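Let chain A serve as the given structure and place chain B on it in line with the hints.
Number of protein chains: 2
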Amino acid sequence: MEAKVKTLDIRAGKPVVILNNREAIERSIFLGDRICIKHEDTEVMAIVDTSNEVPEGHIVLFDETNEELGAEEGKTVIVNSIPKPDSIDYIKKKVEGKDLSYDETHEIVKDAVDFRLTDSELMAYTVAIDMSDFSLDEARDLTKAMVDTGEEIDIKNALDKHCIGGVPGNRTTPIIVSIIAAAGYKIPKTSSRAITSPAGTADTMEVITDVEHSLKEIEDIVDKTNGCFSWGGALNLAPADDEFIRVRDSLNLDPLEQLLSSVLAKKKAVGAETVLIDIPMGDGSKIKNSKEASKLSEYFEKLGSELGMDVFTLVSDGSNPIGNGIGPALEARDVLKILKSGGKEGPKDLTEKSIKMADLLLEEVGSDKSAERILTSGKAYNKFKDIVEAQGGGVMDPDEVELAENHQIVRSQKRGRVKDLDNKIVSKITKATGCSKDKKSGLYLHKKKDDPVEKGEKIMTVYSESPDKLKKALEIAEENKVFTFKSLLSE
Amino acid sequence: MEAKVKTLDIRAGKPVVILNNREAIERSIFLGDRICIKHEDTEVMAIVDTSNEVPEGHIVLFDETNEELGAEEGKTVIVNSIPKPDSIDYIKKKVEGKDLSYDETHEIVKDAVDFRLTDSELMAYTVAIDMSDFSLDEARDLTKAMVDTGEEIDIKNALDKHCIGGVPGNRTTPIIVSIIAAAGYKIPKTSSRAITSPAGTADTMEVITDVEHSLKEIEDIVDKTNGCFSWGGALNLAPADDEFIRVRDSLNLDPLEQLLSSVLAKKKAVGAETVLIDIPMGDGSKIKNSKEASKLSEYFEKLGSELGMDVFTLVSDGSNPIGNGIGPALEARDVLKILKSGGKEGPKDLTEKSIKMADLLLEEVGSDKSAERILTSGKAYNKFKDIVEAQGGGVMDPDEVELAENHQIVRSQKRGRVKDLDNKIVSKITKATGCSKDKKSGLYLHKKKDDPVEKGEKIMTVYSESPDKLKKALEIAEENKVFTFKSLLSE
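If you read the protein sequences in the order shown, they are chains A and B.
The first sequence begins at 1 in the numbering used here and counts up by one.
The second sequence begins at 1 in the numbering used here and counts up by one.
I should point out that these hints are in silico values taken from the structure, not numbers from a laboratory.
On a predicted model such as this, the values are computed, not experimentally measured, just so you know.
None of the hints are false.
For chains that are exact copies, the list does not tell them apart, and a pair is met inside one copy or across any two.
Calculated pairs, BS3-like style, for lysine-lysine (alpha carbon to alpha carbon, straight line, at most 27 Å):
hint, residue 1, residue 2
1, K288, K92
2, K93, K291
3, K98, K424
4, K379, K340
5, K348, K448
6, K14, K84
7, K92, K286
8, K295, K98
Here chain A stands alone, though its shape is the one from the complex (with noise of 0.2 Å):
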């Protein structure tokens, strides 16, 4: 049927139109349907909502629906009902516990991104991978229909890393890449925003330069300067991962074989042949003991060895925060003031392990390169500032990153060396500041385990940019024990 544009200015959160009720139902479209419209080129798959008050013949278009259709208001549009498709099917047959083909893997995928599927078919499908058999076959092949449904990063031979989160801080990545670029090899490097931690590696990036580029600017600034630090969300890289965390997210499910899946599908999507996966352990981090983490270990070296890449793990120290500043303009501090001194300042356990982390890189890639050597010698922080030219300039020195005004520094009541820090109380405060959403927010460790504390010494500092935000943080700081401390008599 052909239908005239009518626009309203509604966001739904999904593609929404608006059919007049009694032509819908002659149509046989009902209420919660979808149904596909049609302008030019453009196809867009839209929930049904009816109305007495919009004339027959006519369509109304919520935002999200027109931005996709991008119709204007009285232009003509085909409207189609459209079949219920075969993925459901699919569904079901996970949720009855049998395997699934590649093409019907790759059906169910390709569907959640063309918004055929409901949220309610796609979380049936996620619950059916959490509580079936998966087996290693079935998650190379969500993963691969993951990619294949997306866009690709015409890189190759790139190597790349990734940390399965949980630490506070642990900012490598910048150090990391300039050090891989600065050696000669590809780093095309995305990243995620903070969702319910402090900062994400594209928040930090986010205070030094501009972090959104499309997939044709990351493509020129790597073949410029061999890495990038780019935001992963808006690229269209296994889109329909987004969808599956989305899904996820609402019952907070972190089943093991999609978070491999949705992690490996984002390294294939930008040409990584060589990754390293940080596994952090200890008390407050992800993974709690070393039967975990060699699982999971076990398992990304498998599912990358079926994806052909060459997936490789390093079973980190989680159960402390890495570097001093958590929040991402403390974040960007720490990292500039490593990359500026070569590594004579800012945090210790950051420099130490970016360093680590880079050699594991090399050395698997068979280069005989020290990490060490280009992270002193400056060409770490030369290539790094080449990188933030070609994505458009930004912050080079630590001391030119704005921290908000507020602050209040925390003093130690006792007298101790520094036993442990809590990773889950410090993410709290430091969320509480505002993080990631106010960027010069933020908690600074003064002192890191093992650290020597005099009585009334500076311990942290707590940053807001709202006065009530402090307020709230320090209540929590004060409720809570960051820090445990072990007498230094004993010693």
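Here is chain B on its own, set in the frame of chain A:
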């Protein structure tokens, strides 16, 4: 926050509101969130859309929202964000394969009814039940929680019957209810309309009389006559069940445990204490063999007992349609013929099955009355008339039931004896005539299993209110075999 109501004549299939975009963000209310709107003593949960064109301090209510809230344009309502419900954690627990307590299950079911859970969260729960070892205790808890979160009919010691479906025709309910009520037992029967089958009992009875009653009206009708024929759909009996069914239907999921909870929750809510479950078995029905039938019987009986009900089963022949008419009006004719003639006219198989089931119920409650005698004596017909009168009167004579004018007789192309009829093809043809929406349409079977047929003799008549649909139905009849014959020579 307070907000002034604007109304918008849009139906979305669920409660939706629109808030001003800037104002929503300021209050940390995001697109797709659920909020609570309060007007006088009524609270409604709704999904948030946003718009720049809604003035600050206003809220736009879609149709479904205001149907529940009943706030006029310009009235002031209270808008509150709602915290993530605890039931989400319990759903996650179920996905992790753990057992839930009664309180946890109750919380999920209550939040489903109150619209605090999204469809995809309900789907996760339903898939998790399907894929986990769902214990009898949990099935009992789920059933109880569904009853407890709805209304109940205040009738004691009631009898009831239920068929798990799958057999065309098979309209035993009006006959059984008339016999049981005539025998002096209460049987407050609520039935469904057809969703995927050619007719439900409510569709058939609606040809004869009004079936839409309130709970109070049902109590009055049963008080007067011992029985009723009511549509259960709009009553608030175990309303969570309707939510679960809606979610499951999108994937055609029909997990055993949920099917049983669903059936028994509705029975429990009408006060039934003795319930006969008809389990048709055989090719073309839902249950294929006696192993499946036994499993289902056992489960029904156990779950019934956990709920303090006497639930027992009849495994019946489900391989062929029961009765001659298929479709609301044709089935109503069969039922009226049997009742009016006291079993002397009308389809034999339907008469015999109805008597058998009524006898089983009478025996179970310790009655020495004979269902056959109640039918042949005319007592059942008189009781049927009483009930129909109490429901506002209706058609009492089979010949008064109108059939569609367009019809075509199908004759046999061979001589033989009917070996079998195909349930699925019978349903398919009947649905193609326009059933259950077009009540006068349908299929009349002149011959049944084991009947001898001469070449050229009538085997079916197809009725449809639409000539196009009649043509389509006849095409299906031509392309598929409704009847299979065996040679008379071999006898």
